[in-house]
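So the chains spell out like this:
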Amino acid sequence: MNEQELIQSVIGKLVAQGVIKGGGNTGVVASSAPACSRVAEGCDLDPVTLSPIDEVKVDNPKNMAALEAMRKSTPARIFMGRCGARQRTHSFLHFQADHAAAVDAVFLDVSGKCLEENGLFDVQTVVRDKDEYLMNPERGKQISDESQKTLLEKCTRGVQVQIIVVDGLSSTAIEANIADTVPALVQGLKAEGIGVGAPFFIRYGRVGVMDEVGELLNPDVVVELIGERPGLITAESMSAYMVYKPHRGTMEADRTIISNIHKGGTPPAEAGAHMATVVKQMMDFKASGVALSKAMKG
Amino acid sequence: MADGSKISTHDAAHITPPEGAGAGEVVISVGIDIGTTTTQCVISRLTVKNTAPGTLVPRMEITDKEVVYRSDIHFTPITGANLVDTEAVFGLINGEFRKAGVQPTRIDTGAVIITGETAKKENARSISGELAGYAGDFVVATAGGKLESVIAGRGSGAADYSRRHFLTVANIDIGGGTANIGVFKSGKAIDSCCLNVGGRLLRVDGETGRVVQVTEPMTWVLEDLGFSLAEGTSVDPMTLEIICRRMATVVLNALKETPPSGLEAALMMTDPLRLDYKVDAVMISGGVADHAYTTSPCDTIGEIARYGDIGPMLGRQVRQVFTGDGVELIRPTETIRATVIGAGAQTVDVSGSTIVVSDERLPMKNVPVVIPFGREIPGTPGAIAEAIGQSLSNLYEAGALEPLAIGIQGNGYLSYARVQSLAKGILEGVEPLIRAGHPVVVVMEHDSGKVLGQSLRVLNPSAQVICVDQIEVNEGDYIDIGRSIAGGTVVPVVIKTLVFETRQA
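Read top to bottom, the protein sequences are chains A and B. Using our numbering, the letters of the first sequence map in sequence onto residues 1 to 298. Using our numbering, the letters of the second sequence map in sequence onto residues 1 to 505.
Watch out, some of these pointers could steer you wrong.
[Stated by the list, open to error] Incomplete in silico selection of chain B near chain A, CB under 10 Å:
#	residue
1	Thr51
2	Pro53
3	His165
4	Thr168
5	Ser353
6	Gln420
7	Pro432
8	Asp447
The hints are simulated quantities; they were obtained by calculation from the structure and are not laboratory data. Cβ coordinates follow ideal geometry from the N, Cα and C atoms, glycine included.
Just chain B, with the same shape it has in the complex (with noise of 0.2 Å):
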């Protein structure tokens, strides 16, 4: 086993493309999403080969997602204090890997996350870290509108289709409790925002038509329509349409005002989208979209509450108000399942493929990225330990250093002078957390991760060290680090971005 895994190395870091070219490694990834309403797991399998002609330096990519099993949408598991039920949702993925006949240690990577109202509770967090701990070796525990937004649209096809028609295009993924806005341009997210929006926010009982649940959300709702509306009175259609385009439009103007007022400010749960950019098309996802893009019948209350909720109305009132306002309204290719998806296949990339890295620390999850200087590096080693000595200190209180990732911004040309005095920075700049025992984690955009990563080996031999390339990173990120793949070449990363590059100051 040992001397199989030794001689891939050898095989992968070699320029022609590794043995069997056309097979390339693959990679089992899961994704778990527990929203508002409903509980999924998608597995797939990410294929990553060498792109690169035989006398060129190897190009490691991820080449092919193919999403092998879908899971059946479970109803999140709730406990009657609104509290996710831990039990319940174990035994509901335990369950879908043994339908998938997928042990969970052949796992990879992968992530879970935890979505909507659902992120709002208490126990979610405990709930991501067990989670993470029983499928595979490297699964994401994460939640937050933001990244959950970038998650759907990626999941729903909609980066994919602003990147192939240079675009820019809104996906909005609306669920049971929030609408995720994630916003592409030619295949980048450039902006999100969430807002408490969703199909689940009015419970209603479709053989009775009474109310159910009116959730806080829905009370601003019905206030800013001055209508009143208690749990266990009777509800017709009529008051339904207009309570779900009144929700439609909070959606629309999301898209078309900022900063926000009224109502839409209330529901706001993030920062209001920039706008600084034109919205060629939009794409709807979640649970609603498919009575966004259908027309089944939804009329009666019994039609209506079909799923005990407004959520086929919403959707129906969402299509009727963008199409009204002349928005071009484009198909997902997933609905119901886009985040999950999105978490599942979308969230996990690669590195480049000439790297250095001490296995034996891997995988490394959750560090923090540092951006100690901008895309000009400081001249001097002095100067660049400085800057990397100021972001330590702000990040940690001296005493309790725990890993963080020096992240490097800029393509240029760094010549071997160069790379040699930012090793000397680094390694300065980086001297106590060597001293505590944890390893120099650097994160660069340059093609220069080999080089660089043994300087650092060659100046300070006794350094572990993990020096990945190609890869876009930005202050406040965090970074997952996964054991290397395809014989030692290449590493899975996953960048949970919380800002973007474009903002604004």
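Chain A on its own, in the form it takes in the complex (with noise of 0.2 Å):
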């Protein structure tokens, strides 16, 4: 009650300083009255959609066209116009938006549905929980004992390409794209006649528990399928690591990488496809990384 006698007399000061028009103002106040008290009702509205983040925003544009194709040739937060200093309410909710899912793509694990979807069986390092591996990132590089011993019964051993799937920073990314990129690389490397051994998924994996798989099974490269740290463009960008031979003394020069896979990016299917070629390069040359390129120069 002494709060709205507050906002009345703050309100009637500046009418009558002529800082605000008297009529137009009072009816904001009272119009935006009703929609809080909804909210603190908790009645079931529809959820607040927006217009898309890629639309032009600024207002009385010169050239709209010309701001359009500069939008779209970048996914960066341009364009979004202002209110007085500060950013519109349209783009503070969407970089809410997307930050959250960035920590859930963080956070939360893939499911057990999608690992059946695409066939594939999961082990997991040492670390036991999301807090764990967030702070001790090189407890992310060992598979755990257990694990180790399911690998040795299930996967065979010396085999050409061993895939795998590691839920890294971003569990998202892995639901999103693994279900058009494995089965595509699996028919590139067949196409080339590349044996591949049983892809499977590794819990709580940096990208250098490959190293590991290459000291347990022996194969001649590993293709590592792995989540990326999340921004706020994309929740869903997935990286592949390649190592010809990889073992515990591999160094980063050796790892090859094709990053930024995810609809808006390098389609993941087609990722897949080019992927097949990149591992016949280094079967063929028995190099990666640095030592790839060196190679193909001669």
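Can you join these two chains into the complex? Each is in its own frame, and there are hints to help.
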């Protein structure tokens, strides 16, 4: 009650001083009040829908076509408009939504349903939960004893190519892309006459876990599909790390990488097809990473 | 040699840029323009390079276009019967190649284009055919007002200007026999037309001031003005000024009124412009353009008819009529050479960098493009096959099959499952073509050429597959696909678009 009085008295003062107009602004206050109270009552309204983030929100542009063409050229948040010196509610809500998606991508697990649909069995690193995973990156590179046993039971040692799927920092990326990337990669490798072992999933894994897989199963090439650290543009971006004969001493320079695999980047199925070509090169030159580039230059 | 090319294949397909990343691959492209008045050729170097950062899938693009040789501008040799003198044209081109120090065998790609009035003449087709065989492996032979307008607008710099300034720019290329209008919106050709207006429709002897030749379209202009002008009679500058002003007005009206009427309609050689857009600026190119942008004297008969025609006066009148109407005239980067430079340097593009091609079947020339379905790909292989079968039977009689390219439009997301279904449908639909020994040619806009190509090969290992991506095509286009370059990662592509995407039904 005091609050209402205070608001009214402030508005009254402002109107008296001519800072704001009486009629219009009190109207805004009045009309926004019911909206607040409805939310407070918790009635189930439809969720808020926002216009797309790539819509140009600049007021009175001199050349709208130019702004639209520039906006299309980048996923970055440009031409979002502004309200005084601040961002608009539209930008702010999009920012929050994308930030939430990024947080979810890190903290959620890849679902059992996804693994089942893609015919992947799962193993785990020595990490026990997400907190430990985030706090202690080194542990995400070691496969647990139990999982090592599982792998030795279920996998064939010494295959030409071992595909592994790792959650990394985005479970969302794995769920969004592997159904397209893995079969395209397998098809491409088979077309090249390259043998492929049964793909599997590693929970709580970091990039370096592929080195342990190399030690354990001794394939010629390990292809690791791993969720990238999510950003505000997409939480669905996946990378492929590929190493010829990975082992505990593998250097970062030995890893060949294709990044930015998602619907808005390199299309996942096309990336799989392209990776088959790269793997073929690794097998031919018996090298990967910087060494592969050097070998190919002769 | 074989080993060398194999290594470069590996290298270029790898994620890091090809060796000596700064260098890129150089493609020699030639353009030859045989017009109503002049014949010229240019030789350009196109540099193809991987522009993607190291951790991304390679993206090969033409990064540099440099014109390395511009020929002299020759009068087109015409024999008595108004036919192009094939032998003399060959002589000219031969001489220019010698001067440029370029072996015809070194030429990778390019275009011969027969333009203006010359395109009407009977032997134009055979010339282009013979030249195509002569100059390199992959030279296009083509003509026609609509395409010419687009090529001229690219060569003059109008397309680039519209792209850089996000404007709609009309390029008007005025030559001896025709005026080609190409309209570009933010770099993209959206409309074009061709008018029978040119500087050599009336030929005048500069020394005697007598009329040498009155062409048929000129008789219409004279009729419209109520003039009579017989060959052999003398003509004064004032009359020529009035004639040229009328022709310039015809050109201006083509940008203002549709459909045209009267003289405007009579001189319109193609469909008129749609004009469902606003033209922000105009650029004039072609031989007449030099006189539209300069103020060289053009008052006496000797000055007007310095080339034996009325081109200089037409140029001056175009400037006066357009600026008088408040139109902004932009200076082109090329004037008389716009078309030939457009033909030599601007027609060739490269495909996406993750593709599947059976090189032994390339190059392929003049392959008709069909669009069996719209931007929505049908849900089942059966429906896809049926749509393709329909396109096939629309184009060819049974038993008389020629190669065709299946164009797939749209840039939406294609899952692996959709790609598989698409591959099955395509193979089923083009089965008669495969049986006739033709390759499966797919040209798609989606960046999914490699996975689709691999799927086609896996499903039918005996079929030859040419599957290129990131190319926009439309129904009725013709496409030329060259042998792969840059170590097998991309193919040069020329799309001869005769209709425009935004054309209304």
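To see whether the hints hold, each was checked on the structure:
no.: 1; hint: Thr51; verdict: violated (14 Å)
no.: 2; hint: Pro53; verdict: holds (9 Å)
no.: 3; hint: His165; verdict: holds (8 Å)
no.: 4; hint: Thr168; verdict: holds (9 Å)
no.: 5; hint: Ser353; verdict: holds (9 Å)
no.: 6; hint: Gln420; verdict: holds (8 Å)
no.: 7; hint: Pro432; verdict: violated (25 Å)
no.: 8; hint: Asp447; verdict: holds (6 Å)
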